[in-house]
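Asks: As given, the protein sequences belong to chains A and B, one line each in that order.
Just so you know, our numbering puts 992 at position 106 of the first sequence, and the rest follows in order with no gaps.
Just so you know, our numbering puts 899 at position 13 of the second sequence, and the rest follows in order with no gaps.
These aren't lab readings, by the way, just hints derived from the structure by calculation.
For clarity, every value in this text was computed on a predicted model and none was experimentally measured.
Hints may contain errors.
Stretch by stretch, here's where chain B covers chain A in the computed footprint (C-beta under 8 Å, at least three residues) [to be verified]:
id	region
1	907 to 918
2	931 to 945
3	972 to 982
Heads up, the beta-carbon is just placed ideally off N, CA and C, and yes, glycines get one too.
Listed here are the chains, written in short residue letters.
Number of protein chains: 2
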Amino acid sequence: MQKGMIKVSVLYPNGDGKKFDMDYYSIKHVALLGGLLGDAIKGATIESGLGGAAPGSPAPFAAVGNLYFENLEAFQNSFGPNAEKIMGDLPNFTNIEPVIQIAEVVV
Amino acid sequence: MQKGMIKVSVLYPNGDGKKFDMDYYSIKHVALLGGLLGDAIKGATIESGLGGAAPGSPAPFAAVGNLYFENLEAFQNSFGPNAEKIMGDLPNFTNIEPVIQIAEVVV
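With the hints as constraints, model all of the structure from the sequences given.
Replies: Take a look at the structure:
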């Protein structure tokens, strides 16, 4: 993605008793986002946590999803009105409360 | 990046008194990584934290750097022998102890 674009990361912290359904997330949740946010999304990536720094340690995050927007306004104007519907889908694939990071692409 | 590749994210948590020199990081630290890991790196991205979920809230992470590798072995074989040199550069741009996430690219 290009320098200056907005990257919104949704990070799902790992922990005892935490569940995350990657199949639902990568197919149905992504389809929901695509339908609601449409062209405002300039790119999307998903990764599944494997481990941490120490050998054999658990990944800090079970999963991370990233969405790219042209600028902050494009994110706010598309996500804001749909936030309730998007967040309402979370219980369908996880019991984790995600951490949201809004960032600017540097490289 | 392609499905199945390894994404190593280095996340720098924000907090009181935390400092992060993005200029040094995005130029000198990246050059150090390139010199040490070379062709093992299939891609690299950096983002600078702007905010969190609540309006006006600070970004959970001051910065995040991501490196992509073909597979876990490529990461371990290139990073392992150079870990000390790479981690030794951190005090030159930050006083934050980073969180390391090793993940698999899903989408």
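Asks: Run every hint past the structure and note whether it holds.
Replies: Status of each hint after checking the structure:
1. 907 to 918: holds (count 3)
2. 931 to 945: holds (count 10)
3. 972 to 982: Our answer is that it is violated, as 0 residues pass the Cβ test (under 8 Å) against chain B, missing three.
The structure fails hint 3 only (numbered hints given earlier).
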